[in-house]
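Q: Each chain is listed here by its residues.
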Amino acid sequence: MTPGMTDFDLRRVDENIYEIPQDGEMNAPARVYASEDLLDEIRQDKTLEQVRNVATMPGIVNHSIVLPDGHQGYGFPIGGVAAFDAEDGIISPGGIGYDINCGVRLLQTSLDYDDIRGKEETLVNALYGAVPCGLGKGGYLEIDKDDLRGILEGGIEWMVENGHARDEDLRRCEENGRLPGDPSKVPSEALDRGVNQVGSLGSGNHFLEVQRVADVFDKDASEAYGLHENGVVVMIHSGSRGLGHQTCTEYLRRFEKTYPDRTDELVDRELVHAPIADEIAQDYRDAMYASANFAWANRQAMTQAVRHTLDRVFGGVETSLVYDVCHNIAKKETHTVDGEERELLVHRKGATRAFPAGRDEVPDVYANIGQPVLIPGSMGAGSYVLKGGERSLERSFGSTAHGAGRLMSRTQAKQDFWGGDVQDELRDEDVYVKAESGATIAEEAPGVYKDIDEVIRVSDELGIGEKVARTRPIANIKG
Amino acid sequence: MSYEVLGHTADAKLRATGATLAEALEYATRGFAEVVGADGLEPTDEVRVEVETPGEDVEALLFDYLARLIYVQDVEGVAVVDAEVESTAEPPRVEATLSVAPVRGGLLDIKAPTYNEMVVETDDGSWTVEAVLDI
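For the record, the sequence lines run as chains A and B. Each residue of the first sequence is one higher than the last, beginning at 1 in our numbering. Each residue of the second sequence is one higher than the last, beginning at 1 in our numbering.
Where hints are given, some of them may not hold.
[What the hints assert, rightly or not] Some but not every residue of chain A turned toward chain B, in silico, with C-beta under 7 Å:
(1) S188
(2) D192
(3) H245
(4) P446
[Claimed, not checked] Examples of chain A residues lying across from chain B (beta carbon under 7 Å, computed):
(5) R269
(6) K434
(7) E436
Hints listed in this document are in silico derivations from the structure and should not be mistaken for laboratory results. From the three backbone atoms N, C-alpha and C, an ideal C-beta is built for every residue, glycine too.
The following block holds chain A by itself, in its conformation from the complex:
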């Protein structure tokens, strides 16, 4: 076996469904949703060990899950889902991640691809100038700490009230862009980090990308989502920035100090957790929800930057929100377990909610279709729009994948790829990429990601997230 590779006796349950049977310290089986090809890649790192570790957590309902884009994370695998009773269960900061409400939003514009051909370079430079990227570049929106508390309390509602969002933006966000957070539970050092970051992209795999709709697979759903072939859309992938990171960091440490014996017994320290009935757990939940509100406001502020930039470059452009999804979050949701409805706290870490038609949480405009599910791919392969799958509720607590999933470390990527070459090769395919550092481009080269087509095929076949449309990149900015 290669270093880091894990070998488990996986039982095949059905096509694209495998299971690590409950054994030893496990409180439930661990379920893997993957094809044989994806499973071969998943076996190359510690993903299976991590999804098994999650199954050792107390009170886990049904099974620990890893989705088709799963790869090694810390504590939970990326692409991990786990549910616990909302009253008697636990909450785990490591099951949500440091980037609370990291997520994706998609904007549709009144532009067609032909409208922007020949102006891509101007466009990518204008967007790069408008949206702060990387370390220490500030935010698009200048606010003070009173405003920040308003954002933590109100999320997109605050943005609407203060002229930074439209009513329809609010209705097209998961949870309407607001969870019941409590700003007073957010650590003061998190406020310090967040106050100048509203409307900033960050680094790593975060990006802002102008795309064109290349393929439509489901005409009715595409029409409902406002997507048509060669229509220009904009995808934004970012999260709660330093505010969310600091909130997770501090509560993880508070959990450790509050429950030292529980921490000592953990198979992985990042799986630290607390009973949701305990005061510290509720404080964390309320701070996490407030951080989620900050993330929505952050993506909304960048939306305003995009609106102004498109208008400045092309004039008279109408830009509206298709949808905004979280993929690092824990939320209270109702699910059917063993034939009974239960209130569960569903943890999704690198996993997207994918509710089908019929769920109250789906916005009215998409009520007959199901919620849009936004899955970004690499700069070369393009991205997908899915709709919540009919079988997602029974199979994955209403969840599907969140991306292509990395294959290669950033260190290896920088050895295998040269940023300038990647940029030139993408340019030959009419994709314009802008980042300050060549290393950033090399680290996110198309070759470091899994085959997103296979991830989507498996999601679609499983019926957890069904194909609607595929987009191709035109211009991409990275931090």
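Use these hints to put chain B onto chain A, whose structure you have.
A: Then chain B, alone, in the frame of chain A:
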């Protein structure tokens, strides 16, 4: 003694060694700077930080020290380039003078430290620290 940046599927992993815990943390700081892209920048200022984790282990100290570097970068608007460190494992304590440079374009914004694959160990007169940073 030295540091290296190791492969990790999604994030960045550091390994640093030193004759003392303090020296290992100094090398870890240089590794941190390399991940950020700040290695080679000319320091123009210093920031003093103190971290202690009474009653806890040395891993908690390393976690909190790395978290402090990230906090300083975000709030002070600087990039950490190097450090002079004084440290004890018992009680777990770090006092460090960070050499910092003004932020320029193209630097990586690290999200957080993690406990994933974290190692702090001493053997035969040397210290080794390993940590994965969430990026």
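Q: Indicate, hint by hint, whether the structure satisfies it.
A: Here's how the hints hold up against the structure:
no.: 1; hint: S188; verdict: violated, 11 Å
no.: 2; hint: D192; verdict: holds, 5 Å
no.: 3; hint: H245; verdict: holds, 4 Å
no.: 4; hint: P446; verdict: violated, 16 Å
no.: 5; hint: R269; verdict: holds, 4 Å
no.: 6; hint: K434; verdict: violated, 11 Å
no.: 7; hint: E436; verdict: holds, 3 Å
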